[in-house]
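With chain A held as given, fit chain B onto it using these hints.
As they're listed, the protein sequences go chains A and B. Residues in the first sequence are numbered consecutively from -3, following my numbering. Residues in the second sequence are numbered consecutively from -3, following my numbering.
No lab work stands behind these hints, which were simulated from the structure alone. Certain hints may be false.
Identical chains share a label here; the pair holds if one copy fits it or two copies do between them.
Said to hold, decoys possible - Below 30 Å or equal to it, Euclidean Cα-Cα: the simulated DSBU-like pairs (lysine-lysine) are:
no.: 1; residue 1: Lys140; residue 2: Lys35
no.: 2; residue 1: Lys274; residue 2: Lys188
no.: 3; residue 1: Lys232; residue 2: Lys245
no.: 4; residue 1: Lys18; residue 2: Lys223
no.: 5; residue 1: Lys32; residue 2: Lys216
no.: 6; residue 1: Lys245; residue 2: Lys16
Owing to the predicted nature of the structure, the values given are computational and were not obtained by experimental measurement.
Number of protein chains: 2
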Amino acid sequence: MKVKDIGEFGLIDRITKKPKDKDILIGIGDDAAVFKTRKGLQVLTTDCLVEGDHFRREWFSSAQIGMKTIEVNVSDIAAMGAIPKYVLVSMALPNNIDVEFVDGLYEGMWKTCEKYNIEIIGGNMTHSEKIIISITLTGEVDNKNLCLRSGAKPGDFIFVSDHLGNGRAGLRLFQEGIDGFEKVRKHYLEPKAQLKTALKISPFVNSMIDVSDGLAPEIKHICNQSKCGAIIYKDKVPISDEVRAAAEKLGEDEYDYALFGGEDFELVYTVSKENLEKVNGFLVGEITKNKKISLFSNGKESAIEEKGYDHFF
Amino acid sequence: MKVKDIGEFGLIDRITKKPKDKDILIGIGDDAAVFKTRKGLQVLTTDCLVEGDHFRREWFSSAQIGMKTIEVNVSDIAAMGAIPKYVLVSMALPNNIDVEFVDGLYEGMWKTCEKYNIEIIGGNMTHSEKIIISITLTGEVDNKNLCLRSGAKPGDFIFVSDHLGNGRAGLRLFQEGIDGFEKVRKHYLEPKAQLKTALKISPFVNSMIDVSDGLAPEIKHICNQSKCGAIIYKDKVPISDEVRAAAEKLGEDEYDYALFGGEDFELVYTVSKENLEKVNGFLVGEITKNKKISLFSNGKESAIEEKGYDHFF
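This is chain A alone, in the form it adopts within the complex (with noise of 0.2 Å):
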């Protein structure tokens, strides 16, 4: 069922722009889009985003929406050692919408397509009271790179790619209505896809995931999936001093935004001592035997608590 083709909402010329990519047969404009594939793997996931539960319209620019959807599915096909390929973006936008809105919204989601060579071969459009956005992206990896959640092994080492909490503490500035720390809250309104890391190591790790839901539950995660647990070192958990001090304003704690927190994208990857100077990034902990996972601090071990994760607390 289409709805409303997306080329109607005045942008026509814009979203029906002839592909470049001379597999794909049939972008917008037919009840599905047609792509050729060849013989391989594909990967495909999607995301649904919504205001007032993953953004708001006074927090962020219509610009910056249209690239977070985009960054936050590359990060799930990044994850999995994939090149992004196609998208398909559904819509659901408040009657009473600007044109200049969607027009932003576009803008964004176009460009950080080019970024990653994807090109939007479908979607529709529909109303809804709140703005909600659903991505649908592709990927293609040769099986020698796919990395899954499940394949920890006892004695892997973990590793983070870049600094984590700037996605909490940067919800938390906005929450409170607190300026200034403009690099926390621009990670937190333009999160980026680690992908050009994911597909550097992902011949070398064992296991890889994104940090969609703070550094924790993504870590219990990979456990799950490899029947295994972990040690994480809490003390080597990159934490940056704007993230430090913000949460010290805040009166928080920066461990909670980094453990707890999400919305990082970057990511979590486990990797056998063979292959550790094949691989860059922050060490944070051991993949181990036994099944729990716990925190490591001060020489002390400590059972990790069980956090909900909830985007909006």
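Showing chain B alone in chain A's frame:
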């Protein structure tokens, strides 16, 4: 970004049951689904159903909502002449929703997927005030069976697969709180994709589309893409006696339902004279070289009205 894996909603056993299809390497439980591809053509469609816009909980059982979300996407894949394969389900649900409701929703999806031999390979869940279900469905098709909107040729005959008007008549009955007309109501609550018909006729049609917006807009889509026009024989448009009776009761025009109502999910296809004997269905018009679309009734030709389409006018 996974917000909550769908398995985490207490339904993990049902959702994560091992895929039957050996081409699926990774179903639910990683950042993205992974499946093997062959050399060929893949089709991909997505659709977002929003509570209040596409269904109401007072009218639909949760199983019916689940069924409808799958059927409307299968209908799009069928209209391409393709075979549906894999589905991703992305849901946003209110926090106060009953587990029984979600259970019914999945039940409806599962049963419908099973009917079409479709495998659920991924998805995610988040929350929102209203129920939002976004479906992504993949399909496969041989080049020779691919049916596009753009293939219609002057002289083609236009067919519909079955009676029209049920979708809109059913909606109007619910909106006005009118009882009876059980068949029409059921048609509205439980639309069925015409996959079998589509696969049977796909080698013999020049163009095809499914009726989600109403016969007239669908024919317009075909004409726009095929750079031609059409004459619709209004009196030949098949409308059941029950839809006629419902329209009379509502004081409305049954042809408005069929031509502009939508949500019938029947197929519209155009066939050259040579292939006429190879397809079934109801002949409702002709493709013309002249680019206008007109309605022929009682020996008179008139320009077709431009009516907008909106699920809940």
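Verification of the hints:
Proximity of Lys140 and Lys35 under a CA criterion of 30 Å is satisfied in both settings, with 14 Å inside one chain copy and 19 Å between copies. Taking CA atoms no more than 30 Å apart as the test, Lys274 paired with Lys188 passes inside one copy only; the shortest distance there is 23 Å, against 54 Å between copies. When the C-alpha separation of Lys232 and Lys245 is checked against a cutoff of 30 Å, the pair qualifies only within one copy, where the shortest distance is 22 Å, while the shortest distance between copies is 73 Å. With identical chains, the CA atoms of Lys18 and Lys223 are at most 30 Å apart between copies only, with a shortest distance of 23 Å across copies and 43 Å within one.
For the identical chains of this complex, Lys32 and Lys216 are inter-copy neighbours only, at 28 Å across copies versus 37 Å inside a copy, given an alpha-carbon limit of 30 Å. In this homomeric assembly, Lys245 and Lys16 never come within 30 Å of each other (Cα to Cα): the closest approach is 49 Å inside a single copy and 53 Å across copies.
Hint 6 from the earlier list is the only one contradicted by this structure; the remaining hints agree with it.
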